[in-house]
Amino acid sequence: MKFEQAVKMAVKSIRSNKMRSFLTILGIVIGISSVIILIGIGSGSKETITSAIEGMGTNLLTVSLTGSDAASLTDSELKTIRSYASVSDAVPDLTGTATAKAGSESYTTAVEGTLPGYENVRSVHAALGRFLTQNDDDNRYRVADVGVEVLQNLYPDMDSSEYETLIGKNISLNGTDFEIAGILESKGTSSAGSSDNRVLIPLSTAERFLKNKEVKTYYVAAKTSDDISLASAELNRFFLQKYDSDSSQFRILSQTELLETSSSTVGTLTMMLAGIAAISLLVGGIGIMNIMLVSVVERTREIGIRKAVGARRKDILLQFVIEAIFISCVGGLAGIGIGVLAGVLIQVFSSMKVALSVPVMMAAFGFSAAVGIIFGLYPAAKASKLKPIDALSFE
Amino acid sequence: MPLIEISHLYKTYTVGENKVQALNDVSLTIDEHEFVAIVGPSGSGKTTLMNIIGCLDTATSGSYRLNGMEIGDYDDNGLSGIRNRTIGFVFQKFNLLGKLNALENVELPLVYRGVGGKERLERARRALEMVGLQNRMDHVPFELSGGQQQRVAIARAIITDPPLILADEPTGNLDSRTGAEVLKILHRLNEAGRTVVLITHDPNVAAQAKRVVRIGDGRILSDRGGGTE
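Protein chains in written order, with the working numbering: chain D, 1 to 395; chain H, 1001 to 1229.
A couple of the hints might just be wrong.
[Stated by the list, open to error] Taking lysine-lysine pairs in the DSSO-like style, the calculated list, with each CA pair at most 27 angstroms apart, reads:
#1 D/Lys216 / D/Lys79
#2 D/Lys187 / D/Lys46
#3 D/Lys213 / D/Lys79
#4 D/Lys387 / H/Lys1019
#5 D/Lys382 / D/Lys8
#6 H/Lys1093 / D/Lys12
#7 D/Lys18 / H/Lys1099
#8 H/Lys1118 / H/Lys1099
#9 D/Lys385 / H/Lys1093
#10 H/Lys1118 / D/Lys8
#11 H/Lys1118 / D/Lys12
#12 D/Lys101 / D/Lys213
#13 D/Lys314 / H/Lys1118
#14 H/Lys1019 / D/Lys385
#15 H/Lys1099 / D/Lys2
#16 D/Lys8 / H/Lys1099
#17 H/Lys1099 / D/Lys12
#18 D/Lys314 / H/Lys1099
#19 H/Lys1099 / D/Lys387
#20 D/Lys169 / D/Lys79
#21 H/Lys1118 / D/Lys382
#22 D/Lys12 / D/Lys353
#23 D/Lys382 / H/Lys1093
#24 D/Lys387 / H/Lys1093
#25 D/Lys2 / H/Lys1118
#26 D/Lys382 / H/Lys1019
#27 D/Lys385 / H/Lys1099
#28 D/Lys18 / H/Lys1093
#29 D/Lys387 / D/Lys8
Since the hints were made in silico from the structure, they are not lab data.
Make a model of the complete structure from these sequences and hints.
Printed below as a string of structure tokens:
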């Protein structure tokens, strides 16, 4: 038999067994596309979280005073920290919440009282207007730098291009008017919550406004990323001394630690998704096996007839190999197509990032194709060895 | 000139722990252009004999020469070639491929012989015309009556122009009228020079053959009307 004729025969067989071919292809498609999507979501989340953490500034150290009676730093203590060679700046962050109001709209937001140095330490800049100044703090001015999420909720009908007109206008926080000095650039949403839902005000103003002088958080910027561990050690020594060697009173967290913690969390998530994907690949593979093995009786009789009229073993195998390869490739390509399309759609219609990976596609394709070919060929290879009379009377 | 020479053929099946002697020292010679009916009750060994003559099964011992070839010397591939060139099968259950139409079923033996598509189509058409199915060429088996399916099978059997037509109960699944039509076609093929070997348990069908070989318990009981006895 000629090769071309074997191809024609295989195609005819696929077309005349539409249901069987469709179910086999479906098994492959489900296996491959779920692997692509699930692993894509896993590694996409990892990328998102990593870049969000890196965006906060890689030189950042966060000091949290965790003891309930841990005293805040005095101005001179803050100066001492700033004087360390490894430290470029340190700012206090006094946090609270307030209800912002404009017209009939109101929105609950985080209020942070801090110093002008916050801009560089946290790399948060004013997209419009200006950032807080030392003058604001010295005079306890009621001025604020406002995050865009607050504005979006207070002025739902206003386009972001018109936000400039709000500079100099008043915003009401818990009934107290603050002048909008600037609007913060958008930082987006991370796993830690929205960075855009906040209002920054001078520390001295905040102490009165929030009726609280107990600062529990300090942000410290190391000079360079190489200085982080040195700065961390110096801070540790400083706070141990301040709290009489009681390390439970404070916690120093560097950005790299944060990165490690979250990437190990996301790594676990990715492993879990990959596990689910592997199961769907397996289920798809079992589906293919089922269909192929169920059609053994029909196929064995067909092989008996073909052999009776003169087909040789290799003619039979050639036809079935081509058939299995054809189905696996169609299913594989459709699976990759659907997986990629679904990944793109998920990325467009939700905030999730989906990182598509070519090696993952190849591996999933290879696995499904192998299952399809092995289980498509195995019954045929067995049947083609039978004497024609045994194949013809097979039940 | 003998087409089939069988001497001292034995066939033993093992069913569980029992050995069944399906053929027990069978010797039979069939010449070219003969029309032979092999008859016997079920379990007599006639189907086993037919399967061995058709190279669909192999004997346990003994010699079988077909068209001068010692069949025992051939492997599976070789037997495929012999079936393709030398034998045309007509089965009781038709054994057509259900997904292929009449034309595709008929041309199948030529596909495995490597004949080109155009010539195949031409010869398949002629074969179907010969059995009176020129209007049913693109019907699949399930759209055809039993008699029509058996005629498709006959067209498939003759397309390779084999010297031997082997028919196993060809009328077994047909009513008497369509059965008679099928027998008429087999007679025509015999008159055109082909050897026809017919297996049946129906004495009326057997009566139409020029030579009748009776089989029982794996042995030849009688051989009437043949030229070799």
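Which hint numbers does the structure go against, in order from smallest to largest?
When the structure is compared with the hints, numbers 20, 21 and 22 turn out to be violated.
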